[in-house]
Amino acid sequence: MIVQACSSIIFPQWYAGIGVMMLVLQIGILGGWSSPTLAILLGPNSPIPMTPEEGSWVASLLATLGASLGVLAACIIGAYLSISLSAAIYCAHCVLLMMMFLWLPESPHHLIKIGNLEAARKSVSWYRSGRGVDAEMEAVETFVTMNGAQSLTDKLKEFKTPAVRKATFQAVALFSFMQICGLNSITMYMEIILTNAKFNLFQPSLAVIYAIILGTISALISIFLIDRCGRKFLLLIASAGTTISLLGLMSHYLLINADIDVTDLQWLPLVSIFIYMIAYYIGLMPVPSTILSEIFPANIKGIAASIASLTGAGMAFLATKTYQPMVDSMGEAYVYLVYAVCTILIIPYTLIFMMETKGKSLQEIQDKLMRK
Numbered sequence: 000m001i002v003q004a005c006s007s008i009i010f011p012q013w014y015a016g017i018g019v020m021m022l023v024l025q026i027g028i029l030g031g032w033s034s035p036t037l038a039i040l041l042g043p044n045s046p047i048p049m050t051p052e053e054g055s056w057v058a059s060l061l062a063t064l065g066a067s068l069g070v071l072a073a074c075i076i077g078a079y080l081s082i083s084l085s086a087a088i089y090c091a092h093c094v095l096l097m098m099m100f101l102w103l104p105e106s107p108h109h110l111i112k113i114g115n116l117e118a119a120r121k122s123v124s125w126y127r128s129g130r131g132v133d134a135e136m137e138a139v140e141t142f143v144t145m146n147g148a149q150s151l152t153d154k155l156k157e158f159k160t161p162a163v164r165k166a167t168f169q170a171v172a173l174f175s176f177m178q179i180c181g182l183n184s185i186t187m188y189m190e191i192i193l194t195n196a197k198f199n200l201f202q203p204s205l206a207v208i209y210a211i212i213l214g215t216i217s218a219l220i221s222i223f224l225i226d227r228c229g230r231k232f233l234l235l236i237a238s239a240g241t242t243i244s245l246l247g248l249m250s251h252y253l254l255i256n257a258d259i260d261v262t263d264l265q266w267l268p269l270v271s272i273f274i275y276m277i278a279y280y281i282g283l284m285p286v287p288s289t290i291l292s293e294i295f296p297a298n299i300k301g302i303a304a305s306i307a308s309l310t311g312a313g314m315a316f317l318a319t320k321t322y323q324p325m326v327d328s329m330g331e332a333y334v335y336l337v338y339a340v341c342t343i344l345i346i347p348y349t350l351i352f353m354m355e356t357k358g359k360s361l362q363e364i365q366d367k368l369m370r371k
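The sequence shown maps to residues 0 to 371 in numbering that gives the first Met the number 0.
By construction, these hints were calculated from the structure, which means they are not laboratory data. Glycine included, every Cβ here is placed at the ideal spot set by N, Cα and C. Just to be clear, a hint being listed does not mean it is correct.
Said to hold, decoys possible - Okay, the calculated beta carbon distance ranges per label pair:
id, residue 1, residue 2, range
1, Leu103, Glu140, 30 to 38 angstroms
2, Trp266, Thr141, 55 to 63 angstroms
3, Gln202, Leu116, 53 to 61 angstroms
4, Tyr126, Ala73, 46 to 54 angstroms
5, Leu84, Gly313, 19 to 27 angstroms
6, Phe223, Ala87, 34 to 42 angstroms
7, Lys320, Phe352, 26 to 34 angstroms
8, Val270, Lys320, 49 to 57 angstroms
9, Ile212, Gly129, 36 to 44 angstroms
10, Ile88, Glu117, 24 to 32 angstroms
11, Ile113, Leu350, 43 to 51 angstroms
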């Protein structure tokens, strides 16, 4: 009887836990899919020719705007609907996505890899509406042949060359910085952060939605700024803004810890979070993906993107997993101080080690990496 009772209690918890795990797994698959695919699309041998300006649009849209829109939708749905209804809406979206992929023809790259040239031609014709099929087929065949000529071992050996090794270090550093500034922790705990900060100007759940909206607008603005201002400048501004916002949160919690009345300072945590979201989505989110797409040769870009994605995932897990234990052990104020210190390190790294890739060809970037 006791075993049955325990099982009846534990089963729903396991079921819910597995459900959440599968959702996160799906998100990870989507992120992992977009990273190497984006890198290939923005390369010089891309089967879809793109100018650098078009490439920055794609990078920003895939890596930044789409992510912020997804978070915004989830925040709005989660704030006003029950968990069951929210899950049903998310599930319907996933089903719709699967139906769309069932309807789409197979990738021409895959079909050429398996030797089905006739099906590949039909696929190219469908995707390009019958225009430029011969030229596109030739480009895709050349791309597949170039990538297929090298084994995985040969590609991995290229990471021993100085230029690629330095490019890998830069990608790993950028994707690490992208996570250790505490984005996931701030986003996931935002309502709790505002509640603990004694914010009651309006509902904290509404503040979360407003913050995500600002992040989405910033992601859209970054599309225009990333080529106009350059990668380094945008990253410097974003790092400075993120650091200032974290110091603002730290200061507010220090006042609370000192039993100082913060009624007249309720705007401080709200403004700090708003600045954080704007700064992060305008620079810290899009710049690493854009840099990743520009500093590696096309034949190893997929592997490099996988390394960067794994690094980002690992650092995101570390930052999120340690947030609550750090809050319990040292308090919110010093947690935000730690995040601020990690974030401000991006500024000297950007000034000393990071190279500007705006308007440069792959050969120019590789030559500069060799000289550094």
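Going through the earlier hints one by one, which of them does the structure break, listed in rising order? Hints 1, 4, 5, 8, 10 not satisfied by this model.
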